[in-house]
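The sequence shown stops at residue 491 when you use numbering that gives the first Met the number 0, and every number in between is there.
Since the hints were made in silico from the structure, they are not lab data. Quick caveat: nothing in here was measured; it's all calculated off a predicted structure. Treat the hints with caution; some may be incorrect.
Estimated spans, in silico, between C-beta atoms of each pair [what the hints assert, rightly or not]:
(1) P267 - D143: 41 to 47 Å
(2) R192 - P267: 44 to 50 Å
(3) E291 - G42: 52 to 58 Å
Ideal Cβ positions, reconstructed from N, Cα and C, are used throughout, including at glycine.
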Amino acid sequence: MAFCVSTYRFVSAATTSLELLGISKRFGEVVALDAANLQLRRGTVHALLGENGAGKTTLMRIAYGLLKPDAGAVHIDARPIRFHSPADAIQRGIGMVQQHFSLVPAMTAVENFALGNRGRFDPRKESERLLEQAATLQLSIAPDMPAHSMSAPEQQQLEIAKALGRDCRILILDEPTAVLSPMHSAALLQWIRSYADQGRSVVLITHKLRDAAAVADDVTVLRHGRTVLQGRISDIAEAELLAAMLGAPLAQSELTVPRPHRPTSTPPLGSLQSVSAEEWARRERIADVSLEINAAEILGVAGLERSGHRLLLRVLAGRHVPTKGIVRIPPRIAFIPEDRQREALATQLDLRENVALRGAGNRTGWSRWRYWSSLTRALLKDFDVHAVNERVPAHTLSGGNQQRLVLARELADAPMLIVAENPTRGLDARATANLLARLRAARDDGAAIVFYSSDLDELVALADRIVLAYAGRVREAERSRDAIGRALVGTT
Numbered sequence: 000m001a002f003c004v005s006t007y008r009f010v011s012a013a014t015t016s017l018e019l020l021g022i023s024k025r026f027g028e029v030v031a032l033d034a035a036n037l038q039l040r041r042g043t044v045h046a047l048l049g050e051n052g053a054g055k056t057t058l059m060r061i062a063y064g065l066l067k068p069d070a071g072a073v074h075i076d077a078r079p080i081r082f083h084s085p086a087d088a089i090q091r092g093i094g095m096v097q098q099h100f101s102l103v104p105a106m107t108a109v110e111n112f113a114l115g116n117r118g119r120f121d122p123r124k125e126s127e128r129l130l131e132q133a134a135t136l137q138l139s140i141a142p143d144m145p146a147h148s149m150s151a152p153e154q155q156q157l158e159i160a161k162a163l164g165r166d167c168r169i170l171i172l173d174e175p176t177a178v179l180s181p182m183h184s185a186a187l188l189q190w191i192r193s194y195a196d197q198g199r200s201v202v203l204i205t206h207k208l209r210d211a212a213a214v215a216d217d218v219t220v221l222r223h224g225r226t227v228l229q230g231r232i233s234d235i236a237e238a239e240l241l242a243a244m245l246g247a248p249l250a251q252s253e254l255t256v257p258r259p260h261r262p263t264s265t266p267p268l269g270s271l272q273s274v275s276a277e278e279w280a281r282r283e284r285i286a287d288v289s290l291e292i293n294a295a296e297i298l299g300v301a302g303l304e305r306s307g308h309r310l311l312l313r314v315l316a317g318r319h320v321p322t323k324g325i326v327r328i329p330p331r332i333a334f335i336p337e338d339r340q341r342e343a344l345a346t347q348l349d350l351r352e353n354v355a356l357r358g359a360g361n362r363t364g365w366s367r368w369r370y371w372s373s374l375t376r377a378l379l380k381d382f383d384v385h386a387v388n389e390r391v392p393a394h395t396l397s398g399g400n401q402q403r404l405v406l407a408r409e410l411a412d413a414p415m416l417i418v419a420e421n422p423t424r425g426l427d428a429r430a431t432a433n434l435l436a437r438l439r440a441a442r443d444d445g446a447a448i449v450f451y452s453s454d455l456d457e458l459v460a461l462a463d464r465i466v467l468a469y470a471g472r473v474r475e476a477e478r479s480r481d482a483i484g485r486a487l488v489g490t491t
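From just these sequences and the hints, can you work out the full model?
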């Protein structure tokens with residue numbers, strides 16, 4: 000049985016660890032939350048679902064004290080609480096790992112771990128505490144490693160260890176598997192389940208219904224800032240969840256990626272010849288890579304963290320200079336990095352300023368802001384970016400709208416080569432389908448696409464050809480999910 004609700008309480012207040020009741024929040028003209036509700040039971044995993052921009056992250060930031068609600072109430076253990084900052088939430092046992100991590104890049108792991116604690120910083124004592132938490136999580140964390148040298152999964156592990164080190168009993172995870180391989184995702188979901196089974200509680204914000212179905216006990220769905228569905232997840236069909244998230248059932252064509260296009264035989268658009276490169280800060284390298292990039296083709300790239308795939312993408316995008324070999328790439332290249340907030344957007348600048356950043360290094364003279372405003376308005380409409388206008392700062396957009404803005408900007412000048420690194424990270428089903436359709440359309444218009452995804456099903460379904468990065472080496476791979484999965488862990 001499912002519940003379409005606005006104020007329905009499907010559990011007793013006596014069994015809840017966290018309640019958000021009638022929460023409303025506005026940002027200027029934008030209504031982010033409209034009397035939204037969520038009830039988290041003790042000892043359970045609660046999936047929070049909804050389209051990009053539905054208000055999920057905003058609701059959880061209120062629960063964590065990062066934002067103050069305009070209306071509504073927050074209850075901890077059935078008692079009303081008013082948070083003035085995250086420090087208040089932490090004292091009440093709430094921890095949050097955000098989708099875009101909050102670590103200080105220049106600080107080491109142990110310094111980030113201790114940041115915000117009271118008293119004098121004792122490196123030895125804090126390192127012991129960090130290693131103790133890492134052992135509990137079955138993780139390997141080097142206390143002295145700077146955060147900027149860590150891969151995305153390692154940063155996430157440190158964020159979780161940091162939350163647990165503060166004795167959190169309510170853990171909020173925002174899209175935790177978005178940057179993880181299938182193997183690491185499965186391990187994290189297993190840990191989440193065991194954490195809840197110890198009597199603690201987890202809110203899992205996710206767009207992956209299979210992740211929710213794998214570990215969640217309860218589910219809340221938000222749409223346009225309102226709670227539209229609550230209940231036990233075992234009682235709700237997947238089609239009903241999708242309908243609640245998207246407002247109407249998705250067509251089958253939107254849920255699946257079409258079979259790959261077969262490219263025509265044309266000369267290579269770009270190539271790597273015996274290329275080697277190193278990035279010591281991230282402990283990543285590629286060695287003696289030779290590769291052809293074909294027009295009208297999607298080249299899929301598979302790899303685990305530190306396998307070399309990240310460095311390969313940046314060499315192809317012209318963002319990293321190799322130490323050896325010959326790189327031939329076309330002049331117009333689009334790059335869609337995995338971390339849009341650090342590598343793709345200047346979030347304090349407005350949308351037209353972010354659009355104007357593309358190719359800015361090759362322009363001279365005064366900026367034609369009337370032109371950039373007109374172009375940005377057209378891109379917002381064409382790529383369905385939900386924003387009040389082109390003058391709002393990029394940080395006011397939801398993650399999905401930020402990603403659509405990056406895609407719109409990068410594709411605006413019909414690039415010959417598009418390098419996309421996990422571009423569907425944090426996107427819902429409809430937004431993912433639309434983004435992949437854009438990439439297929441660019442391929443069909445003759446562009447070369449280099450596409451990395453941590454989702455092997457997505458990679459196999461979309462790519463015409465796949466290469467695999469492992470221990471710095473790159474080789475052609477069979478278009479088979481199982482074969483790639485085995486190769487990634489070194490069993491073939």
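Check each numbered hint against the structure and report the violated ones by number, ascending. none
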